[in-house]
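Visitor: First to last, the protein sequences are chains X and U. If you count the first sequence from 1, position 99 lands on 99 in the working numbering, and the numbers rise without skipping. If you count the second sequence from 1, position 9 lands on 118 in the working numbering, and the numbers rise without skipping.
Watch out, some of these pointers could steer you wrong.
Here's a subset of chain U near chain X, in silico, CB distances under 7 angstroms, partners left out [to be verified]:
id, residue
1, Thr-147
2, Gly-151
3, Leu-152
4, Phe-154
5, Glu-157
6, Gly-167
7, Glu-208
8, Thr-209
9, Phe-212
10, Pro-214
11, Gly-215
Stretch-level coverage of chain X by chain U, calculated; a stretch enters the list once three of its residues show a Cβ under 8 angstroms from a Cβ in chain U [said to hold, decoys possible]:
id, region
12, 42–52
13, 86–94
Since the hints were made in silico from the structure, they are not lab data. If you're wondering where the values come from, they're calculated on a predicted model, not measured in any experiment. Even for Gly, the Cβ is constructed at its ideal location relative to N, Cα and C.
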Amino acid sequence: GIQVEQSPPDLILQEGANSTLRCNFSDSVNNLQWFHQNPWGQLINLFYIPSGTKQNGRLSATTVATERYSLLYISSSQTTDSGVYFCAVDRGGSYIPTFGRGTSLIVHP
Amino acid sequence: KAGVTQTPRYLIKTRGQQVTLSCSPISGHRSVSWYQQTPGQGLQFLFEYFSETQRNKGNFPGRFSGRQFSNSRSEMNVSTLELGDSALYLCASSSRGDETQYFGPGTRLLVL
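Sequences are here, hints too, so could you generate the full structure?
Guide: Now the structure itself:
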């Protein structure tokens with residue numbers, strides 16, 4: 001099956017810093033999503049981004065499907081950004097997503 | 110609109126028992142997906158239901174099953190529980206299943 005690798009596995013930032021999270025995948029995909037799971041386990045869909053660039057406030061994401069990677073940018077990080085960020089891909093045809101192991105982010109005040 | 114709700118929130122069972130978890134989607138959403146999250150395997154897709162039909166299924170044994178009712182509420186059942194079934198079970202709903210999903214708070218299952 002398709003392999004999804006996220007880097008870095010762990011990230012510690014001071015409030016106000018910027019960061020870039022990466023998601024590599026091993027084969028062509030029909031869809032890619034980014035999720036944030038807060039420290040209490042609540043999962044939120046951040047972006048649905050099979051290709052191109054999207055922005056939502058301080059967060060933006062870019063997927064380069066031909067090179068099989070996606071980047072999630074977090075600018076001016078806040079303590080509420082702490083948690084785990086997952087990317088998930090699916091091959092299309094059927095919705096059967098494969099998740100990466102996630103990037104654990106801690107933002108210190 | 111009310112969000113996705115899952116019941117129960119916490120559950121303790123013993124090996125060999127069975128368990129049923131419930132998920133109520135956002136009003137108007139017809140797609141419900143289920144996921145299992147464990148420290149060892151991470152997040153894994155279980156199955157997706159749309160208009161009472163299982164539309165997609167992940168790589169889980171037949172002990173894991175689900176169904177969806179006419180009001181879009183969904184249940185998942187795990188029979189003959191094993192220790193490895195201890196996990197956070199998440200459900201998510203969306204209008205059609207192929208776009209933004211909204212997740213419930215999850216059910217934490219502990220199998221002893």
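Visitor: Each of the hints needs a verdict: does it hold here or not?
Guide: Hint-by-hint comparison with the structure:
1. Thr-147: Since the shortest Cβ distance to chain X is 12 angstroms, the answer is violated.
2. Gly-151: holds, 5 angstroms
3. Leu-152: holds, 4 angstroms
4. Phe-154: Phe-154 (chain U) check passes; min Cβ-Cβ to chain X is 5 angstroms, inside 7 angstroms.
5. Glu-157: This hint holds: Glu-157 (chain U) lies near chain X, its Cβ roughly 6 angstroms from the closest one there, short of 7 angstroms.
6. Gly-167: holds, 6 angstroms
7. Glu-208: Hint on Glu-208 (chain U): holds, closest Cβ of chain X at ~6 angstroms, below 7 angstroms.
8. Thr-209: This interface hint holds because 5 angstroms falls under the 7 angstroms limit.
9. Phe-212: holds, 4 angstroms
10. Pro-214: Hint holds; Pro-214 (chain U) Cβ to chain X Cβ min 6 angstroms, cut 7 angstroms.
11. Gly-215: holds, 5 angstroms
12. 42–52: holds (count 5)
13. 86–94: Since three or more residues must qualify, the claim that chain U covers the region 86–94 of chain X holds, with 3 doing so at under 8 angstroms.
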